[in-house]
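Student: Fit chain B to the known structure of chain A by using the hints.
Line by line, the protein sequences give chains A and B.
Sequence positions in the first sequence follow this note's numbering and run 1146 to 1369.
Sequence positions in the second sequence follow this note's numbering and run 382 to 477.
These aren't lab readings, by the way, just hints derived from the structure by calculation.
All values reported here derive from a predicted model rather than from experimental measurement.
Note that beta-carbon positions come from the ideal geometry of N, C-alpha and C, so glycine has one too.
Treat the hints with care, since some could be wrong.
Stated by the list, open to error - FRET-style restraints, in silico, Cβ to Cβ:
hint, chain 1, residue 1, chain 2, residue 2, range
1, B, Ala459, A, Gly1285, 28 to 36 Å
2, B, Ile412, A, Asp1219, 20 to 28 Å
3, A, Glu1338, B, Leu464, 40 to 48 Å
4, B, Leu446, A, Gly1285, 44 to 52 Å
5, B, Leu446, A, Glu1338, 20 to 28 Å
6, A, Phe1185, B, Trp470, 30 to 38 Å
7, A, Thr1257, B, Leu393, 13 to 21 Å
8, A, Leu1220, B, Ile386, 36 to 44 Å
9, B, Arg416, A, Gln1167, 48 to 56 Å
10, A, Val1289, B, Pro413, 26 to 34 Å
11, A, Gly1292, B, Thr467, 29 to 37 Å
12, A, Gln1173, B, Ala453, 18 to 26 Å
13, A, Val1261, B, Ser435, 25 to 33 Å
14, A, Phe1306, B, Gly415, 26 to 34 Å
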Amino acid sequence: MTSIPDSRPLTVAASHGVHDHQFDDSAQQQEAATLGMWLFLATEVLFFGGLFTGYTVYRSAYPNAFGEASRHLDLVLGTVNTGVLLLSSFSMAMAVQSAQLGKRWRLLGFLTSTAVLGAVFLAIKFTEYVHKFHEHLVPGSQFVFSGPESQHAQLFFSFYFAMTGLHALHMIIGIVMLAVLMVLTLANTFGPEYHTPIETIGLYWHFVDVIWVFLFPLLYLVSR
Amino acid sequence: MSNTIVSTRTYLATFVLLLVLLALTIVAAYIPMGRFNWVAAMTISAAKTALIASFFMHLRSSHRLVWIAACAGCFWLALLMILSLTDFWTRGWLLP
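Only chain A is shown next, with the shape it has when bound in the complex:
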């Protein structure tokens, strides 16, 4: 073989039960990867935390404007989307279980349904965004809001678009990573002895779900 051995993807090496040389065994390697993902998620908590803190400061400063603006969001679509995302998390958890049990086609099915549910979420979110553009509720020169606190309502919508936008970006990244996992599953990479990427991408997916669990009441249910 003329190819460089180190150019082998990590996943291929590990699928043959070989762990990288710096680890004692594959269990330790998996624990290190899991801890690494949790550390990344801790930084993500602070990434979103800045927005949540800013939101809390302005909501407590202008509670009436935030309440009034929040009632312009579509509660039905928001609730459906929360259900869709919770279902996608269940599907992701089932994908991890399928990988652990070595059921390859079931794993592929659950990865696909997780990605499809993620896409449904984004489609509903897109519809809501389109409505906001038609209703002139997007912050900027076209913003129209009847009432004495138009400026402060605009602030609410700035937070709405920044927070749901950043969340949607995380969803898009998650769906791309799920697509990669699907290809790797088809290539027969995962089994009971090696499924770390399914586990770690699963952690990321559930985290994005948790962010929405807080965004939903903070944006849609300020004052009903």
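Tutor: Frame of chain A, contents of chain B only:
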């Protein structure tokens, strides 16, 4: 360890509980409780997070090091929010 296999039943029960909490948070939003509406919403969201982290994210069976990482995330978020809000929420106290 993360190799613990969780049963379909446990995952389904978690999902159903999450849906119940979703319904609860919407019902609670329509009951006028003043600023306790916010407290109720955040409490329910924290409960949902606990369910997702414990069962879907396998925190229950994870290494204790992972627990420390999860707690560190919460701790730094608490610092960020508490220090910022003690500033913003008390500024008015000094003005006439």
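Student: Check each numbered hint from earlier against the structure, then list the numbers of those it violates in ascending order.
Tutor: When the structure is compared with the hints, none of them turns out to be violated.
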